[in-house]
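Spelled out from the first residue to the last, the chains are:
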Amino acid sequence: MALDSAPTALVSTNGLTKRFPVSGRGLFERQRWVHAVDNVSLKIFQGRTLALVGESGSGKTTLGQMIAGLLEPSGGSVEFGGVDLVNSKGEARRQLRRDLQFIFQDPFSSLNPRHTIRTILSRPFEVHTVLGRTAIDSEVTQLLNLVGLGNSATLLNRHPHQFSGGQRQRIVFARAIALRPRFIVADEPVSSLDMSVKAQLLTLLRTFQGELGLTYLFVTHELAVVRTIAQDVAVMYLGRVVERAPTTAVFDQPLHPYTVALLGATPLLDPVVARSRKHLPLVGPLPSSITPPSGCHFHTRCPFARDVCATKRPPLRALGERQIACHFVGDSDFPLTANLPRGLVETARASAESYAPASTSGLVTSAQLTSPTRSAVPDSGVQECVGNVGEQIRRDHDQRDEPEEAEN
Amino acid sequence: MTDQSSARSRDADLLHVRDLTVDFVTRDGVVHAVDQVSLVVRRGEIVGLVGESGSGKSTVGLSLMRLLPPGAREDPRGQILLDGQDLLKVRPAQMRRIRGRVIAMTFQDPMTFLNPVVRVGEQIVEAIREHQHISRSDARDLALQAISDVLITEPDRIFRSFPFQLSGGMRQRILIAIALSCRPSLVVADEPTTALDVTVQREILDMLRLIRDRFGTAILLITHDLGIVAETCDRVYVMYAGQIFEHGRVERVLTHPRNPYTGALLRSAQSIDEYRSELYALAGNVPSLVDLPSGCLFRERCPAAFDRCVAPPPLFADRLGDMSRCWLAEGDAMASGGRIPDGA
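First to last, the sequence lines map onto chains A and B.
Position in the first sequence (from 1) plus 5 gives the number in the working numbering.
Position in the second sequence (from 1) plus 1091 gives the number in the working numbering.
Read the hints as simulated data drawn from the structure, not as lab findings.
No experiment lies behind these values; they were computed from the predicted model shown.
One should not assume that every hint holds.
Which bits of chain A does chain B cover? Going by a derived footprint, with three or more residues having C-beta under 8 Å, they are [unchecked claim]:
1) 202-211
2) 226-235
3) 267-274
Just so you have them, the derived chain B footprint on chain A, three or more residues with Cβ under 8 Å [claimed, not checked]:
4) 278-284
5) 287-299
Facing chain A, from chain B, some residues (calculated, C-beta under 7 Å) [said to hold, decoys possible]:
6) D1288
7) V1289
8) T1290
9) A1372
A virtual CB, placed ideally from N, CA and C, is assigned to each residue, including glycine.
So that you can see chain B by itself, here it is in the shape it has in the complex (with noise of 0.2 Å):
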């Protein structure tokens, strides 16, 4: 156990995800929400999971959290390797243990994950003496330096609030402390200032940063929203469709895309930085996920589409690791010594 877990430690990819795969079945069919999905996370990064609704990202993210609900169905093939521990291979009891302690995950709408009539308190202790067998007094100190550790002020006024006494931002606050209360080495947080005010919004993600610079936790940061990327991530998957379309380090991805997707979300966007005279809108809509198109999912509204997109795309990574799942990829991927995937 001792060597296994050094050997762990050694490895610089913390989370591990391969070809993960969920569908959910309904009364309308199967929804193909996660399509082989495939992504790493180091220890200390922090890593953005951005696309439109629909796209499968949170899905992702609920999967890595084994909080899937019934009826999703995961792909036993895939994998999701998390300190070498794949968690799609573990019992729920076990889980139990990981959850909070290794991976900890914070939602969009605090006020659905926070018990309206306990004081926040008592939540964060609950959370900590759930995963440690510590006494209520430790645990308390705990729960008040996980409040502080969030840039609270006042951290005693805090913990006997209830959740209603806060505002939306404090509330997102409190879900990161008992998110990070046992110091688990990822985090997973869903659109975690989605509802919140721009200037509450920007003090969360300069608080991210914060945390993720003093205790070295790496985040998967799942987001609509391409400028909160550019604000805080240091590498990106794009999704469409439930399938990863572009990945890279921030700088290169949101200034020079390679995929078209990823070139339209951009051209589309709106900044406060730039006027546009002439808007660019992506036409149609994304894909049904029940009844996916064949070929490239994204070919019937990219302006590159060409005749070879009948054909499904594999994801072209080049030697950097910077992949595309576009056709028009393959030949950077090849001129590099990239990797042509299997089955391509």
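The following block holds chain A by itself, in its conformation from the complex (with noise of 0.2 Å):
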């Protein structure tokens, strides 16, 4: 396994796939099933972090789980380290669970309310190793410094809702890396905290990756975090990796149509920038996972959508040093890579004018939307889930990939 080469992978996945059935079906319908993740085979490499991301319903939390062990495939697998992750057993799993944490989105539901922080961190410890309780204070107040959060004794004793967010996630992380492991799958992380604090503890996972070896996949909705975290992103939709691809890349020239609605419409700082760059809209609405489109996933919401997409899974194919699951990308007259020799940001900002007009890439600006005549703006209608109620169910999941703005 994993010999191709110089970065090697700690973790892959062959054929990944996780199906959910639909309750409330009548007695004589067939059983339906939400297709959370279709057959996704990617690698992780040692030493770096994988950014997730997608919208909601794109699967990535449910893959981030399936990749941490805490939900079993429909199909396919997972190796970690060489290890089959699915079927392991024994003192296997046990040792699997101590290289391989999880951390959740919402620190106020993956903190025990009841237990003091010194329970909370021991119990690591207490379940994983034989050190007694000294060994064990000590270790626990060495990971409170580790996380930023000072080593009074008195803090050991309060209970979580005596901590702010910001710090109550540090604490997550303090018991993610107690055991040092080697892989971590935290999933939407900072999405819930307030921009500063978010900046704190990006810091800390980076410093964490660099003093522990670490290797993490990072599930995020937030693209403007992967830049800060991650050397590779793998973008989802609808259960499939659509574009895999080294961060910079990604950014300074995303390919797939997909990635580039994606970038396009994620707010930037700038005004300036912000107000003259070209964004791709999307097409209609986000398909049912119930039902998905056939051949490519993307094809119904796709501007360069051809016939050959209604009928054809496009594989993912190499191109440099990405792979990109569609089927024109690549060819000299697709417009997304005839005529963008550069990022689209960087298009926008060095000017303009001079870029190729809209017709021919499908690109429209922000000032174009906004004109009354509103011809290529797709309309966003609603979901198809009429009486569909694992559509519900689906979107229920996927609350939990929301941010959480803590109300004033």
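Both chains come to you apart, so use the hints to assemble them.
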């Protein structure tokens, strides 16, 4: 396994699939399924961070949970350091649980409110080591130091509710690194936090990576964070990976039409660039993952879709250092690869005017969008879920992906 | 009355808030949520009110709508002048007529504000008939129009849908449709896209700009996201710990911030167009609003703090009306012939 090139894969998935049964079928109806993750093969390289990005319903959380061993796949396999994760048992499983940790988004529900910080942080050592009380206490104190909470003994006797959201997430980080794992799956770890606190915790994650040699799978919907934290990116759409590449390549020049749309929709901080850049409006609503579109899942919303897209699933093809699942990316007559020598953002910054007109590339500016003639604009219709309980379940499930603003 | 209203409409300032102060009385003590906030929204403008959680931005929004929960205390010395009328002095019955028709609000979580067992069309009709004495069928036509206004195709189908049948983005559009249904002059949009995916967020923000262009509706956009401000707003007020810390045109504030807090916020924000090898992390936390520190509220976290910061700085304004609550701005304000506020 994983003998390909210089960076070694710590984790690799092979055809990983997860489907959930849709409840509420009638007596004679066929069982229907939500296809959360559809045949995903990915490699996560040792000592690097792979960001798994996508919108709600893309399956990124489900994929992350399967890779962390929290969810049983419906098909395919996960290999962790050469060990089959799905079928491991006994001592091998136990060792995997040490090596592999998970960080949840919400630091309010991932810490037991009735336990003290000492209890919470001692638990990993009690379960997995033979250390005595004093040894554990010194480990716990050291952990608090590592995550920047200081070493005051009074902290240890406090309960989670006595800490702010950012501090709680630090405690969650401390628990995750307690047993010096090799790999951490972090599911939206900073999404619910304020800007200034977010930067503190991202710094902490980067420091851990350097000092402990950690490998991360970083699941997020926030593209701005990806650039800061991850060396590699995998973009998901309706359960499939559509583009996988080094972060700089994706951000400088996204190639898959969905990635282009996603980056174009992400707000920029520079008002001038933000208002002059092009973006790719998507056509129509997000399809249901119970009845995903045929062929390329993205074809119903893709401005460049042709006949073949509706019939044939595009394989994840290599294009230089990246992999892209699109029939046409790489062709010289494909607008995204032909007209865009550099990144969208940089092109917009250099000159909004000198850039090729919108008609050929399908790209429009915000200004064009807000003009009264709105022919090029997608109608964002209703999600097809009338009377469809499964859809609702899926969305409820995905609610956990969403950022939660702590209210004032 | 007619003289008065024509005098009002000549006034470019649609909303003029002066020294709005809101405290909450809680078991743990008095929370100073909003401290002497003054802000202006002109007709047809999109103004951002940005801050981290606990900065008081949502409390300002609720106060404008006179929808603060019991336990909130507003300082009677403040003013909320909407079209020249002080909303702090208006009786509840009168406020109900103003709410919806002159000022309307949309909220972050549409599911909480839409009735789950009533079809969305009925909910829009209800809102319209609350404010206008018109027949059911006329109200229905207006409701369908309101749905089309928020760029929904097939308004008939949406009219008959229940909220749970709609996606998050659609629900937010319906809330905006309800807010717009009586053609208010000002819409307060509280975090309208926070729970939405970026591609949907983009559609909603583009739609808000389109609504402003078409109907001349002024929008006060409350958000924690500087990127949304950069994409959407004309001017911005930055709040910290209940106070306005900076104000100005978006192009200036986000590229050349004058207040150290805005600068720190921008430096700690991540953006897709820039890789930061050194992440700037603002140390410390927002001060407790129950037990506010003396002097400048940002002093303990401020990279530029110096000895004058032990005294609370006023909001210095320059000639163009750009403001910064920082002693460092004093010189600029004086040099440009700007206003040195009272008590400075």
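So, going through the hints one by one against the coordinates:
1. 202-211: holds (count 7)
2. 226-235: holds (count 8)
3. 267-274: holds (count 8)
4. 278-284: Three-residue rule met by the segment 278-284 of chain A, so holds; n is 4.
5. 287-299: holds (count 3)
6. D1288: holds (4 Å)
7. V1289: holds (4 Å)
8. T1290: Since chain A brings a Cβ to about 5 Å from B:T1290, closer than 7 Å, the hint holds.
9. A1372: holds (4 Å)
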